[in-house]
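> These protein sequences, in sequence, are chains F and Y.
To convert a position in the first sequence, counted from 1, into this note's numbering, add 389.
To convert a position in the second sequence, counted from 1, into this note's numbering, add 6.
By construction, these hints were calculated from the structure, which means they are not laboratory data.
Mixed in with the good hints there might be a few duds.
With a cut-off of at most 30 Å between alpha-carbon atoms, the simulated DSSO-like pairs for lysine-lysine come out as follows [as the list claims (entries may be wrong)]: (1) F:LYS567 x F:LYS533; (2) F:LYS526 x Y:LYS54; (3) Y:LYS150 x Y:LYS244; (4) Y:LYS245 x Y:LYS150; (5) Y:LYS328 x F:LYS582; (6) F:LYS590 x Y:LYS226; (7) Y:LYS135 x Y:LYS54; (8) Y:LYS291 x F:LYS590; (9) F:LYS590 x Y:LYS322; (10) Y:LYS54 x Y:LYS30; (11) Y:LYS150 x Y:LYS13; (12) Y:LYS180 x F:LYS590; (13) Y:LYS244 x Y:LYS294; (14) Y:LYS266 x Y:LYS328; (15) Y:LYS322 x F:LYS582; (16) Y:LYS294 x F:LYS582; (17) Y:LYS283 x F:LYS590; (18) Y:LYS291 x F:LYS526; (19) Y:LYS291 x F:LYS473.
Listing some non-contacts, in silico: residues in chain Y with all C-beta distances to chain F over 12 Å [to be verified]: (20) ASP14; (21) SER27; (22) GLN57; (23) TYR75; (24) SER103; (25) ARG173; (26) VAL176; (27) LYS245; (28) TRP285; (29) PRO344.
Glycine included, each C-beta is placed from N, C-alpha and C at the ideal position.
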Amino acid sequence: MAVSERERELFDALKQGVIDYDEDGVREAAQAVIDEGIDAYTAVFEGLVEGMNEVGRLYEEQEYFVPEILMCADALYAGLDILKPHIEQKDMGLKGTVVMGVVQGDVHDIGKNIVKMMFDVAGFDVHDLGRDVPLEKFVEEQLKTDSELLCLSAMMTTTMVGMPEVIKKVKDKNPQCKIMIGGAPVSEDLAGKWGADGFAKDANNALKEALNMVKALKDMQ
Amino acid sequence: MVVKQYKDEMTGLERALAALSYQKPDRVPVASLVCGAARRVLGVTYDKWSQDAELIAESLIQTHQIMNYDFDIFVMLVDLSVEAGSFGQEVIYPIESTAYANPNNPIIKTVDDYRRLERINPRETGRMKVVIEATHRVAKAKAKECGVCGFVYAPLGVIGALRGHERMFVDCIKHPDAIIEACEIITPVLEEYAVAQIEAGAQAIVMDTLYASATIMSPKMWEAIEAPYAKRIADTVKKAGGALVLHNCGGGIYFDVQQKWTDPVAISHAYPAADCKTWEDHAAKWGKKIVSIGALDPASVGMTWNEEQVMEETRKFIEYYKDCDGGFILSTGCEFPPNGTLINAMAIIKAAKAYGTYR
Chain F
390 MAVSEREREL
400 FDALKQGVID
410 YDEDGVREAA
420 QAVIDEGIDA
430 YTAVFEGLVE
440 GMNEVGRLYE
450 EQEYFVPEIL
460 MCADALYAGL
470 DILKPHIEQK
480 DMGLKGTVVM
490 GVVQGDVHDI
500 GKNIVKMMFD
510 VAGFDVHDLG
520 RDVPLEKFVE
530 EQLKTDSELL
540 CLSAMMTTTM
550 VGMPEVIKKV
560 KDKNPQCKIM
570 IGGAPVSEDL
580 AGKWGADGFA
590 KDANNALKEA
600 LNMVKALKDM
610 Q
Chain Y
7 MVVKQYKDEM
17 TGLERALAAL
27 SYQKPDRVPV
37 ASLVCGAARR
47 VLGVTYDKWS
57 QDAELIAESL
67 IQTHQIMNYD
77 FDIFVMLVDL
87 SVEAGSFGQE
97 VIYPIESTAY
107 ANPNNPIIKT
117 VDDYRRLERI
127 NPRETGRMKV
137 VIEATHRVAK
147 AKAKECGVCG
157 FVYAPLGVIG
167 ALRGHERMFV
177 DCIKHPDAII
187 EACEIITPVL
197 EEYAVAQIEA
207 GAQAIVMDTL
217 YASATIMSPK
227 MWEAIEAPYA
237 KRIADTVKKA
247 GGALVLHNCG
257 GGIYFDVQQK
267 WTDPVAISHA
277 YPAADCKTWE
287 DHAAKWGKKI
297 VSIGALDPAS
307 VGMTWNEEQV
317 MEETRKFIEY
327 YKDCDGGFIL
337 STGCEFPPNG
347 TLINAMAIIK
357 AAKAYGTYR
């Protein structure tokens, strides 16, 4: 369906508002989308998601860093809060469920929050367990939701050692679930050794990895 | 490099000083970042260890003994909540893991709280007092023959622990003036803390400037917010007779702007500088300007590699820096994993002796 001039104007405002971390501008454009009866689902993907794609590029080129990404995330959520209630679940396109959290004993959650944002905006059903999450809780939540993806994060070697226990328990019961691990001490070697399907190194890489995860999941479906 | 039968010709202190002044020592020195892991030598829990000067000092001294007195530099890193806790931040002390500021109960709850921080005397307050005392004990026992480095978390690190890092990063954009007001309150305390550690016997201060790296923030933002305060601390350290060393385990560390503001004698780091792609590039560009301390991957050394792999990776680093006039000190790029195998910490020293001789 062709996009009208007005729709394009609002989608661009959403996109630019995310890039410029202009929460008020995003809110205003999102409200106009709803008030004028424009499709909210299209606005999310052609506005907010396009904005985050550009943010990802700016990160790649080292023009944006963690503080800017966090600001962009606030702007994105400002728009999503308005648009999402107007989107029919059946219209969300990619239907996936993600369980995520920072493992027990660890409170470093910036990387996890950035990954969460990407899944939120892509329309996933995100079950964010937060930080310092008991290991058993990951297993329970994954089995309860039958999620396609489980994301575990840790910043310390003393806490990352809880990850293999979670991975083993989940894979034993649900081998189809893809498991991603992230955080500074985590490596591809450890991901392989522990039976995870992938890893993200730190908060910045998490943004890129999150995009890859979304793509990988799309390819799986 | 040829494997030689190594025999000590210098003390650890002489070795460290030679490396820091680009005069080739007998072998590559080793700085021990076995800090929290040292508690296991004494068999005490982490919570007790990190709050008791005697336990901290004794564990480091006994770790030196277990390692055949072969590492050359002690680093008085306990954890990154020492300063914040002394400012009144609630700290959680797990039994088997590193202490941390409780992010659910930050002392800076609103933007106005930045300017409500109260200046404290580090010589009399909280765990800053404990670390000063531990430094005194280690220096008294070891500073004649080894290097002893005090440790200070730079202002933004402390503020992050008091506010929550995510909230602080947003405030760096929305309310930079408030952050700067907090830096004005915190920096004199950190200066005094550094001086107290030097007076306790530390010959150098390691200042952790974690945020001066591409992993975290732009060089422009770091220069606008933390750099002037890092400079103040650096100048104070030098004026007090200490050598200034930086630690930064972030990726894409800004060597250039940090040199401009703080002019350190050495930087302890885990990744090549932001303007270098590889370790070879880094050694060629920075190796003769700022002494590198590093840069073995801590998690791999402590948790995944075997002794042979550690020695091989160590050999590679010695090779990268072989043409830097002796200006290189071996270590892990960040704290040795508190739960890592000490055999592998010892393998770094073994490799320094096997592959790191200059004569």
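> Compare the structure with each hint and give your call.
Hints and how they fare:
Among the hinted pairs, F:LYS567 with F:LYS533 is consistent with the structure: their alpha-carbon atoms are about 15 Å apart, no more than 30 Å. Taking the CA atoms of F:LYS526 and Y:LYS54, the gap is near 29 Å; set against the 30 Å cutoff, the hint holds. Taking the CA atoms of Y:LYS150 and Y:LYS244, the gap is near 20 Å; set against the 30 Å cutoff, the hint holds. This hinted pair checks out: Y:LYS245 and Y:LYS150 have alpha carbons roughly 21 Å apart, not beyond 30 Å.
With a C-alpha separation of about 34 Å, the suggested pair Y:LYS328 and F:LYS582 falls outside the 30 Å cut-off, and the hint is violated. Between F:LYS590 and Y:LYS226, the direct Cα distance comes to roughly 24 Å. Compliance with the 30 Å bound is thereby established for this hinted pair. Restraint check: the Cα-Cα separation between Y:LYS135 and Y:LYS54 comes to about 15 Å, which is no more than 30 Å; the hinted pair holds. Taking the CA atoms of Y:LYS291 and F:LYS590, the gap is about 26 Å. The hint holds against a cut of 30 Å.
Only pairs whose Cα atoms come within 30 Å are accepted, and F:LYS590 paired with Y:LYS322 is accepted, the gap being roughly 23 Å. Only pairs whose Cα atoms come within 30 Å are accepted, and Y:LYS54 paired with Y:LYS30 is rejected, the gap being roughly 40 Å. Among the hinted pairs, Y:LYS150 with Y:LYS13 is consistent with the structure: their alpha-carbon atoms are about 20 Å apart, no more than 30 Å. A C-alpha spacing of about 27 Å is found between Y:LYS180 and F:LYS590, which places the hinted pair at or below 30 Å, so the restraint holds.
Our distance criterion of 30 Å between C-alpha atoms is met by Y:LYS244 and Y:LYS294, whose separation comes to about 21 Å. A distance of roughly 26 Å separates the Cα atoms of Y:LYS266 and Y:LYS328; the hinted pair therefore holds under the 30 Å criterion. Under the criterion of a C-alpha separation no larger than 30 Å, the hint pairing Y:LYS322 with F:LYS582 is consistent with the structure, at around 24 Å. With a C-alpha separation of about 39 Å, the suggested pairing of Y:LYS294 with F:LYS582 is violated against the 30 Å cut-off.
Restraint check for Y:LYS283 and F:LYS590: satisfied, since their Cα atoms lie roughly 17 Å apart, inside the 30 Å limit. Distance restraint check for Y:LYS291 and F:LYS526: the Cα-Cα separation of roughly 49 Å exceeds the 30 Å cut-off, and the hinted pair is therefore not satisfied. Simply put, Y:LYS291 and F:LYS473 have alpha-carbon atoms about 51 Å apart, too far for the 30 Å limit, and the pair is violated. Non-interface call for Y:ASP14 relative to chain F: holds, since the shortest CB-CB distance, roughly 32 Å, exceeds 12 Å.
Once the 12 Å rule is applied to beta carbons, Y:SER27 is consistent with being away from chain F; the minimum gap is 33 Å. At roughly 17 Å, the least C-beta separation between Y:GLN57 and chain F is larger than 12 Å, which holds for a residue marked as non-interface. Against the 12 Å criterion, Y:TYR75 stays outside the reach of chain F, whose nearest CB is about 26 Å from its own CB. Non-interface call for Y:SER103 relative to chain F: violated, since the shortest CB-CB distance, roughly 4 Å, does not exceed 12 Å.
At the 12 Å boundary, the C-beta of Y:ARG173 falls inside the reach of chain F, the nearest C-beta of that chain being 9 Å off. Residue placement check: Y:VAL176 does not keep its beta carbon more than 12 Å from all beta carbons of chain F (closest about 5 Å). With a least beta-carbon separation of about 32 Å from chain F, Y:LYS245 lies farther than 12 Å from that chain, consistent with its non-interface assignment. For Y:TRP285, the non-interface assignment is confirmed: its Cβ lies about 17 Å from the closest Cβ of chain F, beyond the 12 Å cut-off.
Distance check on Y:PRO344: its Cβ comes as close as 6 Å (rounded) to a Cβ of chain F, failing to clear the 12 Å threshold; non-interface status is violated.
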